[in-house]
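Undergrad: Take a look at the letters that make up each chain.
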Amino acid sequence: MATRTVCQLLQRRYASTAAAVRPPAAEVRNQRNAVFAREQARQRALYPRVEKIEVSVRGPGLDGTLLIMNRGMSTPLSCARHLTEHHVTNSALALVDGELWPLHQPLTNSCSLTLLTFKDSDPTMVNQAYWRSCAAMLGQVLEAAFKDNYTVELLSPPEVPVTLGAFCCDVALDPQLDSWTPSEETLRSLTRGALQLIHQDLPWEPLEVVPSVALEVFSHSRFKQEEVEQKAAQNPKGTVMLYRCGDHVLLSGGPLVARTGLCSQFEVTALHSLGQGPWGLHRRAQGVSLPLQLPAHHMVWRKLRQRAEKLVEVPRPEEATPPSLPDSASDQPATTSV
Amino acid sequence: MRLTLQMLISHGRVARKMGMGPQSRINMLRNILTGLVRHERIETTQARADEVRFYAEKLVDYAKKGDTDEKAMKMASFWLTEKDLVPKLFKVLAPRFESHPNGYTRMARIPCTQNLDRAKMAVLEYKGNPFPPIYPTKKQNELTLINQLLKGYREERAQLFAAKS
Chain H
1034 MATRTVCQLL QRRYASTAAA VRPPAAEVRN QRNAVFAREQ ARQRALYPRV EKIEVSVRGP
1094 GLDGTLLIMN RGMSTPLSCA RHLTEHHVTN SALALVDGEL WPLHQPLTNS CSLTLLTFKD
1154 SDPTMVNQAY WRSCAAMLGQ VLEAAFKDNY TVELLSPPEV PVTLGAFCCD VALDPQLDSW
1214 TPSEETLRSL TRGALQLIHQ DLPWEPLEVV PSVALEVFSH SRFKQEEVEQ KAAQNPKGTV
1274 MLYRCGDHVL LSGGPLVART GLCSQFEVTA LHSLGQGPWG LHRRAQGVSL PLQLPAHHMV
1334 WRKLRQRAEK LVEVPRPEEA TPPSLPDSAS DQPATTSV
Chain C
71 MRLTLQMLIS HGRVARKMGM GPQSRINMLR NILTGLVRHE RIETTQARAD EVRFYAEKLV
131 DYAKKGDTDE KAMKMASFWL TEKDLVPKLF KVLAPRFESH PNGYTRMARI PCTQNLDRAK
191 MAVLEYKGNP FPPIYPTKKQ NELTLINQLL KGYREERAQL FAAKS
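Just so you know, the sequences run in chain order H and C. Residue numbers 1034 to 1371, in my numbering, belong to the letters of the first sequence in order. Residue numbers 71 to 235, in my numbering, belong to the letters of the second sequence in order.
The reader is advised that the hints may include incorrect statements.
Claimed, not checked - The list that follows gives simulated cross-link-like pairs (lysine to any residue, SDA-like), each with its CA atoms no further than 25 angstroms apart: (1) C/K208 <-> H/T1157; (2) C/K209 <-> H/T1224; (3) H/K1264 <-> H/R1091; (4) H/K1152 <-> H/Q1076; (5) H/K1343 <-> C/E226; (6) H/K1343 <-> C/T175; (7) H/K1336 <-> H/T1224; (8) C/K197 <-> C/E127; (9) H/K1152 <-> C/K197; (10) H/K1152 <-> C/K208; (11) C/K208 <-> H/Q1076; (12) C/K144 <-> C/T175; (13) C/K209 <-> H/T1157; (14) H/K1343 <-> C/I216; (15) C/K87 <-> C/M191; (16) H/K1343 <-> C/E225.
To be verified - Label pairs and their in silico Cβ distance ranges: (17) H/H1115 <-> C/Q210: 29 to 35 angstroms; (18) H/V1333 <-> C/G136: 51 to 57 angstroms; (19) C/A178 <-> H/H1331: 33 to 39 angstroms; (20) H/T1141 <-> C/N199: 54 to 60 angstroms.
Unchecked claim - Among the chain C residues that face chain H by a calculated CB cut under 7 angstroms, a handful are: (21) F124; (22) A142; (23) L213; (24) T214; (25) L215; (26) I216; (27) Q218; (28) L219.
Since the hints were made in silico from the structure, they are not lab data. From a predicted model like this one, the values you see are computed outputs, not experimental measurements. Ideal placement from N, C-alpha and C gives every residue a C-beta, glycine not left out.
Given the sequences, and given the hints that come with them, work out the whole structure.
TA: Structure representation (structure tokens):
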């Protein structure tokens, strides 16, 4: 244990020097993992004695079901386990007292729970969360894809509406890779990496932390620290949500779905260069994916994939009128009446 | 008639025998047809529903000729045993099927009766009846992920097409 703290001290000393002197990716990952695990253990230890809470489950055929769960330990997934296997495999997100709650986050008070799936009558929130999770998975694959001597900086993935046809993840690669253009083989190997993640069926573990712990987690990345400060300022509670998938810790703007196994078809379609930014050459990686419960015929999948290869222009919230580019769709859901 | 072997073998004979003879058969079909015109959807055995279908459609063809027609009125009053249904036939059913050339009825097979005889049952109805449909159409949810992606795809194609032309 003493050696661990010594290593952490040394790593913190490394972080204070210029960003070019960065420890290898594996060490960064281990450090982030260690801080995450420590914070998770500390939050779990806040409830030393088992206290019971009452959770009333809402849903088709379930109205009036009352479950007695443990405070700080039971998650919406454990509530689903008390119901049926169908609920466990199909629920992607939970609604606790009207608030979106990731499936693996522990419940703290007596509440009403609704389990959301992809086939509800109104799955817009689940679709958004799924899109965010796919972008997070793409970021994870990109970070693990390159060799240790190249730095990969994951920029904040933009909030893309589902109708644009592709989720995107912005990266700023090492300056040595500025002249590198991705070929079809690279995209296919990235896809294979993502499919491996899906096959492993890793859960996305959420953790709500104070900004100081988040800053410690991302002590090697200046961009991520700025993002932490931004998100903490936006959140009324002042905390930041971190998610861990396997050994990769990431920051997210909203709730993610329960586990990687919920995706079935996943394809990384393109990697476009956007231009020079403050962190280096901005690249936008795009992909398209579908969940396990909504399979697509291969002809439909091919058409969706072809559409996802085109560059997605993120609609800016300041623009009142939709831009004239054919790729952007109107970002006002109220106007698209079916 | 000469008693031949062919009389005993019924290969290729499509006409059904019902009841106690041809007259009984017509009376049975008359009763079923009256019930069909009154309720617009009835449940009987498959064989009877199949037989009544022919007569139900022919009755509507006669009704389309109008109630001033001598033959049509005779047919309607013969086939409908309850005489209060004759104006319903001419005033409700005939105008409903004005645009249809044929095919005024629909037959759907349903599971066998649970009685001892395990008879094959069917439901016969006139189209355009006020009841909920026998084969309910499954509504596709427009808001699922795959439908949203396809909606975006279709809109983009429409935009490109409009830009090209």
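Undergrad: List in ascending order the numbers of the hints, as given earlier, that are violated by the structure.
TA: The structure breaks hints 2, 3, 4, 6, 9, 11, 21 and 22; every other hint is satisfied.
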